[in-house]
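Sequences are here, hints too, so could you generate the full structure?
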Amino acid sequence: MNDTHTQIAERHQLLPYPGGETHFELEGPSAGQVVALVPGATLPLAVWDTLAARLTDSGFRVLRYDLLGRGYSSRLPREANLRTFTDQLHGLLQGLHLDGPVHVVGLALGALIAAAYAAEPRAEVGRLAWIAPDGVRTRFTFAERLFTAPVLGDLLSRFMADRILMARVPRYSKRQDVQRFVRELLEFALSRPDFRSALLTTVRNLPIHEGEAYYQEVAERGIPTRIVWGEQDLVTPVEAAGPLRRLFGEEALHIQEEAGHLPFLEASGPVAEVLISHFRA
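Position 235 of the sequence shown, counting from 1, maps to 235 under the numbering used here, and the rest follow consecutively.
Derived by calculation from the structure, the hints in this document are not laboratory data.
Some hints here could point you the wrong way.
Here are the simulated SDA-like pairs of lysine to any residue, each with C-alpha atoms no more than 25 Å apart in a straight line [as the list claims (entries may be wrong)]:
(1) Lys174 x Arg83
(2) Lys174 x Glu187
(3) Lys174 x Thr50
(4) Lys174 x Ala267
(5) Lys174 x Leu190
(6) Lys174 x Thr84
Derived CB-CB ranges, DEER-like [as the list claims (entries may be wrong)]:
(7) Arg122 x Glu27: 21 to 29 Å
(8) Ala31 x Ala53: 13 to 21 Å
(9) Glu21 x Lys174: 32 to 40 Å
(10) Arg163 x Leu234: 12 to 20 Å
(11) Asp162 x Ala31: 42 to 50 Å
(12) Gln176 x Ser30: 32 to 40 Å
(13) Ser30 x Arg163: 38 to 46 Å
(14) Glu250 x Arg163: 38 to 46 Å
Don't be surprised by glycine CBs; every beta carbon is placed ideally from N, CA and C.
Written as structure tokens, this is what we have:
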């Protein structure tokens, strides 16, 4: 078991909810403003280590968790949709008695989940931040698109998921240390029994390519939003930001130079300051 596996196991906390359990971690001063960190489709809550530490050091109370079917959270139902994930986030906030308004940060698919949740009447969201958000011009490689095909997708998920996911690692960052960290997180993710089926269900059932309506709803509601993108992102290239620029204005977008898909790792100080300033405004 590598270090990443050990770190995740040591902070194992589970919250029951109808249908299963959510694996989470809640840190920081109890009186601090709450920031919920929503991960992407593939990486577990450990991806937030650096950002969570900076936020708690700045006085925020930080909640992070594993999406259903990932890490130690319960299995994702095959009929799951975007509402399944907003229900999970809402149930976690309610179950931990984290009364709003709560700030929410979403990475990639997590940004789409955060936007969809913020657009719901039940949500008590203060401010939003999206990092390399999915749902607007998100691009898949040819191999990744094959996952959506009936029968073939199931076979690929069972026998080729490891190879396809590991081939993506260099697209996350040019830095070897970041690639090594992502590789460790993916190894952990792939070691979990429900991960492959959850990833397949997510790709098939969620509007990863067609989520602009959720972002538009957030813009119409006037929820203060900051969008962070790595200039060198090859997973979700910054060119995809066009529709969000139109919805939220150029001032809402922060392009982090010399950073890829995980700018909060590659430029942890500057990105953390952008988010902290946004949440304190």
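Checked hints:
Our distance criterion of 25 Å between C-alpha atoms is broken by Lys174 and Arg83, whose separation comes to about 35 Å. Distance hint between Lys174 and Glu187 is fulfilled; the C-alpha atoms sit about 19 Å from each other, no more than 25 Å. Between the alpha carbons of Lys174 and Thr50 the distance comes to roughly 18 Å, so the proposed pair stays at or under 25 Å and holds. With a CA separation close to 13 Å, the supplied pair Lys174 and Ala267 stays within the 25 Å bound.
Note on Lys174 and Leu190: the hinted pairing holds, with a Cα-Cα distance of about 23 Å set against a maximum of 25 Å. Pair hint Lys174 plus Thr84 does not hold up; C-alpha atoms about 34 Å apart against a cutoff of 25 Å. Hint check: Arg122 to Glu27, Cβ distance near 25 Å, so the stated range 21 to 29 Å holds. In this structure the supplied range 13 to 21 Å holds for Ala31 paired with Ala53, their Cβ-Cβ distance being about 19 Å.
A C-beta distance of roughly 37 Å is found between Glu21 and Lys174, which places it inside the suggested range of 32 to 40 Å. Our hint of 12 to 20 Å for Arg163 and Leu234 holds, since their Cβ atoms are close to 18 Å apart. The hinted window of 42 to 50 Å between Asp162 and Ala31 holds, with their beta carbons roughly 44 Å apart. Between Gln176 and Ser30 the beta carbons are some 39 Å apart, a value that agrees with the proposed interval 32 to 40 Å.
Restraint check, Ser30 to Arg163: a C-beta distance of roughly 45 Å satisfies the suggested window 38 to 46 Å. Distance hint check: the CB atoms of Glu250 and Arg163 are about 40 Å apart, consistent with the given range 38 to 46 Å.
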